[in-house]
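Based on the provided sequences and hints, a complete structural model is requested.
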Amino acid sequence: MDMKRNYYEDVQLFTSGVIVFWLSVLVIGLAIFPFVAKNYYVYVANYMAINVIVVIGLNLLVGYTGQISLGHAGFFAIGAYGTIVLMTKAHFPFLLALPVAGLIAAGFGFLLGLPALRLEGPYLAIATLGFGITTTQIIGKIKAFGERQGLHAPELTIGTWHLNTDRDFYLLLIPITLLLAVFARNIVKTKVGRAFISIRDADIAAETMGVNLTLYKTLAFAVSAFYAGIGGGLYAFVLRFIEPELFSLFMSVMFLTMAVVGGLGSILGPIAGACLLAWLDLQLRNILSIPYIGEWLEALSKSYFSITGVSNIQLIVFGFILIMIMLFEPLGIYGIWIRTKKYWKTWPF
Amino acid sequence: MIDFFQMILSGIAVGSSYALMGLGMVLIYKASEVPNFVQGEMALLPVFIAYMLLSSYGLPYYVAFPLTLIFALFLGCFLEFAVLRRAKEPNILGLIIITIGMEMLLLGFVSWKFGADQRAMPFPISTYDSIIIGDIYISTIDMLTLVVALIIMLILFLFFRYSKIGVAMKATQQNETAAALMGIKTHRVRMITWGISSLVGCVAGLLLSAVLTEPYMMWDPMLKGFAGAVVGGMTSLPGAVFGAYIVGVVEHLFGGYVSIEFKSVVAFAIIVLVLCIKPSGLFARHYVKKV
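These protein sequence lines map, in sequence, to chains A and B.
Residue numbers 514 to 862, in my numbering, belong to the letters of the first sequence in order.
Residue numbers 2 to 292, in my numbering, belong to the letters of the second sequence in order.
Honestly, the hints are just simulated from the structure, not real lab data.
In this text, a Cβ means the ideal position worked out from N, Cα and C, and glycines have one as well.
Check each hint, because a few of them may be wrong.
Take a look, some chain A residues computed to stay more than 10 Å from chain B by CB distance [to be verified]: (1) Ser529; (2) Ile532; (3) Ala544; (4) Phe623; (5) Arg680; (6) Ser819; (7) Trp857.
Distance ranges between label pairs, derived from CB positions [claimed, not checked]: (8) B/Asp136 x A/Leu793: 37 to 45 Å; (9) B/Tyr58 x A/Glu668: 55 to 63 Å; (10) A/His665 x B/Ala117: 24 to 32 Å; (11) A/Leu752 x B/Pro239: 43 to 51 Å; (12) A/Arg698 x B/Lys89: 52 to 60 Å.
Which residues of chain A face chain B? A partial, calculated answer using Cβ under 7 Å [stated by the list, open to error]: (13) Ile581; (14) Pro635; (15) Tyr636; (16) Ala638; (17) Gln650; (18) Lys654; (19) Val766; (20) Phe818; (21) Thr821; (22) Gly822; (23) Phe831; (24) Gly832; (25) Phe833; (26) Leu840.
Now the structure itself:
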């Protein structure tokens with residue numbers, strides 16, 4: 514849509530003053546937010562930010578490199594457990610433990626990327642799915658990882674700063690999220706990102722053009738796993754308690770849902786998708802307390818369904834959203850945004 | 002040694018239900034080129050319909066089960082007709098996501114309706130009965146599963162070889178354009194394939210429901226069936242059956258000799274191993290991509 518006249522226009526971070534303006538508004542808004550909002554909303558924002566991190570990473574793999582992954586909960590778990598265990602057993606400081614755990618996850622991503630070199634479509638789906646399930650199962654059996662009982666996150670201190678509340682953690686989490694988002698955007702604009710995109714569009718053609726498939730496919734898995742690992746490490750401190758059951762297949766599917774709903778192959782899309790669905794997820798967890806809808810659903814459940822299974826409406830809603838997005842707007846929220854923008858830019862023509 | 006044969010036999014019995022799920026997945030993969038994540042739930046919903054017919058309406062099982070199978074047939078056709086066919090410019094990822102969406106939708110409805118409790122399916126055969134052959138025990142329900150699976154495989158084989166619609170299905174899978182030019186309504190054939198796949202899955206579901214009836218009962222068989230199908234190459238019906246039996250037997254042997262704790266994940270280790278050596282499964286013809 515936007516005409517690019519030279520390479521530097523393609524790689525620059527901000528394409529226009531308007532974007533700089535709105536981004537600074539966003540950053541200021543994010544900085545003010547924890548001091549004006551209620552504690553619960555800060556928690557919601559933290560939860561969203563975690564999902565944003567993971568989904569940006571997943572999108573680098575699924576949206577840009579075209580490799581499906583149904584096992585991101587595995588990397589997420591590795592990040593979460595890695596961070597906590599490094600901090601409690603090896604006494605690493607948090608700011609060292611988090612990237613190390615992310616790198617461990619990236620190592621596993623690299624390993625998973627090796628068989629993935631030769632796989633595509635359903636084969637890749639089942640291999641990554643198997644990875645996710647196996648990881649959670651194995652973690653649940655290791656004594657140092659607290660087995661089925663799970664682990665409590667230790668006290669979080671950085672230097673002399675004690676992060677006790679959600680608000681403190683927000684001030685740590687949001688800069689990390691922004692940093693990772695900008696980093697992802699920059700990756701996409703470099704040689705590496707172009708290699709990813711060429712692999713997605715035509716891997717054989719890319720290979721004949723001199724793109725090293727082995728390097729870039731495993732790199733895509735590793736980078737994506739790194740994001741998931743960082744997200745997991747931070748998630749452990751949002752919840753302050755982790756157990757193997759959290760990192761189920763449903764979680765992997767949720768990450769994929771967020772990426773798809775937001776719009777694959779963009780950076781803003783997954784951010785929007787992750788925020789929207791994470792918010793919806795939290796809302797639907799106590800669906801009966803939503804005004805009007807909750808009462809109606811309660812009556813409906815009592816007469817036709819069961820009241821004990823009412824939380825499963827969450828599944829119905831997400832399944833419905835997935836189907837509708839795929840049927841009517843395969844590019845997701847980002848696709849809607851692009852169309853609206855184009856419409857108004859060219860209006861009245 | 003008796004332990005060994007016992008494990009092999011139990012593995013084959015379990016593998017039979019995996020094989021049925023795997024067959025369903027392969028049928029759909031050949032028709033629509035999508036790994037069908039809704040396979041398990043296409044069987045789950047009919048199973049709970051059967052449960053309702055048996056327990057709430059008090060129908061005898063010889064009425065309820067055929068009704069259930071008919072319902073499964075229509076459910077499969079409906080899902081293809083109403084959802085999958087409507088996809089715009091489908092790519093593999095989009096189709097996978099649609100099936101995952103349908104899976105969540107159906108699972109959500111079933112668990113909303115019935116809660117997460119375990120139900121006692123009034124199945125005509127008790128799970129405690131068993132047959133003794135020499136020194137080996139096999140429960141009657143496992144034996145029944147084995148026999149039914151073999152019968153269904155035979156029927157499918159005959160269906161694809163001799164019936165007109167079976168041949169039409171094969172033609173559609175091999176070359177859709179050519180099949181359409183020969184006067185086959187390829188959309189309708191695909192829809193019927195979904196119906197048949199759902200039917201096969203539903204048989205597996207009904208047999209499994211004798212042991213356990215709860216909303217998540219089909220997850221494990223579905224994944225193992227999928228694993229078996231992938232080991233067998235995803236496009237070959239005998240391959241899927243063979244792969245499913247391998248998964249069942251290896252799982253039991255692993256559970257017996259190595260570690261019972263990791264029994265349920267060993268299937269995925271097999272897959273990764275097999276896929277590393279033969280990326281498109283054991284039985285698939287090597288597929289060369291055109292650029």
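Going through the hints against the structure:
Every beta carbon of chain B lies more than 10 Å from that of A/Ser529, the smallest distance being close to 31 Å; the non-interface claim holds. Look at A/Ile532: its CB is around 29 Å from the nearest CB on chain B, clear of 10 Å, so calling it non-interface holds up. Every C-beta of chain B lies more than 10 Å from that of A/Ala544, the closest at about 36 Å, which supports listing it as non-interface. The beta carbon of A/Phe623 sits about 15 Å from the closest Cβ of chain B, which is more than 10 Å, so the claim that it is off the interface holds.
Every beta carbon of chain B lies more than 10 Å from that of A/Arg680, the smallest distance being close to 34 Å; the non-interface claim holds. The beta carbon of A/Ser819 is not kept farther than 10 Å from every beta carbon of chain B, the shortest such distance being approximately 4 Å. With a cut of 10 Å on Cβ distances, A/Trp857 stays outside the contact zone with chain B, its closest approach being about 24 Å. About 57 Å separates the C-beta atoms of B/Asp136 and A/Leu793, a value inconsistent with the hinted range of 37 to 45 Å.
Separated by about 59 Å at the C-beta atoms, B/Tyr58 and A/Glu668 satisfy the suggested range of 55 to 63 Å. Taking the beta carbon of each, A/His665 and B/Ala117 are about 27 Å apart, inside 24 to 32 Å as hinted. Here the CB-CB span from A/Leu752 to B/Pro239 is close to 47 Å, well matched to the stated 43 to 51 Å. At about 28 Å, the CB distance of A/Arg698 to B/Lys89 disagrees with the hint of 52 to 60 Å.
Annotation: A/Ile581 was flagged as interfacial toward chain B, and the flag holds, the nearest CB pair being 6 Å apart, inside 7 Å. Interface restraint check for A/Pro635: the shortest CB-CB distance to chain B comes to about 4 Å, inside 7 Å, so the restraint holds. Among the interface hints, the one on A/Tyr636 holds; its C-beta lies about 6 Å from the nearest C-beta in chain B, closer than the 7 Å criterion. The beta carbon of A/Ala638 is positioned within 7 Å of a beta carbon in chain B (closest approach about 6 Å), and the interface hint is therefore held.
Interface restraint check: A/Gln650 against chain B, minimum CB-CB distance 5 Å, threshold 7 Å, status holds. Interface restraint check for A/Lys654: the shortest CB-CB distance to chain B comes to about 6 Å, inside 7 Å, so the restraint holds. At about 6 Å, the closest approach between the beta carbon of A/Val766 and any beta carbon in chain B falls short of 7 Å, and the interface hint on this residue holds. The closest approach between the C-beta of A/Phe818 and any C-beta of chain B is roughly 5 Å, which is under the 7 Å cut-off, so the hint is satisfied.
Given hint, A/Thr821 at the interface with chain B, holds; its Cβ is 4 Å from that chain's nearest Cβ, closer than 7 Å. Interface hint status for A/Gly822: upheld, as the beta-carbon distance to the closest one in chain B is roughly 4 Å, under 7 Å. Using the Cβ-Cβ criterion of 7 Å, the hint placing A/Phe831 at the interface with chain B is satisfied: the shortest such distance is roughly 6 Å. Given the 7 Å rule on beta carbons, the hint for A/Gly832 holds: about 3 Å separates it from the nearest Cβ of chain B.
Interface restraint check: A/Phe833 against chain B, minimum CB-CB distance 6 Å, threshold 7 Å, status holds. With its C-beta approaching chain B no nearer than about 5 Å, A/Leu840 sits inside the 7 Å limit, and its interface hint holds.
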